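Sequences are here, hints too, so could you generate the full structure?
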Amino acid sequence: MLADSNYNVLLWGSALVAFSWLFVSLRRRSRLAIYKLPGPPRKSWIYGCFPEIYNNPAGTKDIEWATQYGNVMKIPGPLGLDRFAIADPRALQYVFQAAGYRFDKDPAHRANGHLLTGPGLVWAIGQEGDVHKRQRKVLLPGFGAPEARSYVPIFSSCASKMLGKWQDILNDSNSTEIVVDAPDWLSRATLDALGHAAFDYNFGALDSDDNELARAYRHLLPHLLGAPSKNLILFLTLWRFVPDFIIKYILEDMSSERTMPARYTKQVSNAVAEQLIRDKRDAVALGQESKDILSIIVKANLSEDPATKLSDEEISAQLRTLLIAGHETTANTLSWALLELSKQPHIQDKLRAEIRAAENIRHSPEWTWKDFEAMPYLNAVVKETLRFHDVVQTAQERLAVVDEIVPLSKPVTLTNGEVVHELFIPKGTSVSPSLHLYNMNPDIWGADADEFNPDRWINNLKGGNVDYSLGMYANLMTFSAGMRGCIGWRFAVLEMQAFLVEALNTFEFVAHPDANKIVRQFCGVVSPNVEGRKERGSHMPVIIRSAPRASDDEF
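Residue numbering for the sequence shown follows the UniProt record's numbering, beginning at 1 and increasing consecutively.
The hints are simulated quantities; they were obtained by calculation from the structure and are not laboratory data. Note that the coordinates shown come from a computational prediction; the quantities given were computed from them, not determined experimentally.
Calculated cross-link-like contacts (lysine to aspartate or glutamate; reagent style EDC-like; alpha-carbon spacing at most 16 Å):
| no. | residue 1 | residue 2 |
| --- | --- | --- |
| 1 | LYS350 | GLU508 |
| 2 | LYS299 | GLU289 |
| 3 | LYS517 | ASP181 |
| 4 | LYS299 | ASP312 |
| 5 | LYS299 | ASP200 |
| 6 | LYS370 | GLU147 |
| 7 | LYS165 | ASP207 |
| 8 | LYS427 | ASP403 |
| 9 | LYS350 | ASP455 |
| 10 | LYS299 | ASP282 |
| 11 | LYS291 | ASP200 |
| 12 | LYS74 | GLU64 |
| 13 | LYS299 | ASP279 |
| 14 | LYS165 | ASP209 |
| 15 | LYS343 | ASP514 |
| 16 | LYS427 | GLU397 |
| 17 | LYS161 | ASP184 |
| 18 | LYS343 | GLU451 |
| 19 | LYS161 | ASP209 |
| 20 | LYS137 | ASP305 |
| 21 | LYS133 | ASP305 |
| 22 | LYS230 | GLU52 |
| 23 | LYS291 | GLU147 |
| 24 | LYS36 | GLU422 |
| 25 | LYS61 | ASP450 |
| 26 | LYS410 | GLU422 |
| 27 | LYS161 | GLU366 |
| 28 | LYS427 | GLU404 |
| 29 | LYS266 | GLU313 |
| 30 | LYS165 | ASP181 |
| 31 | LYS161 | ASP207 |
| 32 | LYS74 | GLU52 |
| 33 | LYS410 | ASP467 |
| 34 | LYS291 | ASP279 |
Right, dumping it as structure tokens:
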């Protein structure tokens, strides 16, 4: 992350503090069940097993270890700072939903969030009074079901605009097919969709191959979080022992190849956010009505009630949060969907037939949310993509604010042979919820959980065998859960539906020769990347050709 000359002193200084902490806590550890959880053997005392996690395709080591040790395990970390990975459904329900703010975001992991978004919803923690509650209360009205459904024409329009540009390239190619880089195009299209829906603003990302804002966000996460070195992994683990003001200086002031793109993105997005806020305030003052999310926030700020107001810095932070969470995650998820559809033509054909059949009977000139809801296979493909290709695989670590007893759905055998049905989590202990392991758990999703199979949602509307109401959507943990659950999940689902409907109605997607070389690259989110080309960032070539027209009774 930083040049060795810049952070070696901090690194080893933090290590000394960590040694002291370990020495004091070793005797206490020996008596706690959580430190006797099964897990992989320690490969290195200095680095633990963390390099294996970060230097392999995202999720592969977690699944390998879960197969051997179960869904509640201890993963050896640097200098004995182990990670307690939890994917048990009952435990996740307790941590995310039942316990509320008693399991809050670990403050030690907030620095990156502040650099990326500022003091917004992702950064706020419940331990600081009502900051998170207040911010969420102000934002929620912009993300309700009626509001999200009203954005469908915007999603369809932006998808159609992107597809029109593909059609122009195809027409000019003198060929029946072309290759497009799906993440690049989808990132620009979803940024434009976000601009119109959230801010009533045209970013123009699809109109320019070199849009500054689109370019800044396109390469942000791979540069900041992709392919960490062993020393960076060690340093990030030791952050909990470094004072906040030093971390802030490192991330926001110290020269670094990794953090420079983040600071540039912050500068660009802040300038855009400030202009948007000024324009929106002027519009609201003139009585100009608009239903975009920013208008709702600005109107809420006219209230005298401090519980419904945000500071200018907080409003700017919410916009930056939406910019990073509201288009890159959806763009990457849609890219994964196109990859699966290109590799499994029978799924693509079945979905296209359903779309064509729905088009023949719809009662309005434009697609509506009701049309999407009436297409079971479309919803099955969306849900399966969100399950199989969850782009946020691990939630930020959760810190037990008080002593907690976490229930388990299945007993766990500790390394000393003791069988436990619940886990005592001492105050001040962090756990690492693994959303991906839950989404890939064969006990829940069946023996074929490691396969992309939309039919599981047709045969079982819940998609899996789970006795708990978990997650924001379809019993998946992709959007997290509880008061920390993704506020924009409806927005994302409807956007995926709209883009897939428009795309499959227009084009056929064919697997590129590199399709089997596409790997999951972890860089904050899981993005597609051609093996051996990490330097390109998110990248996934796919072949497109005009979709065949089908008979009305094909589906």
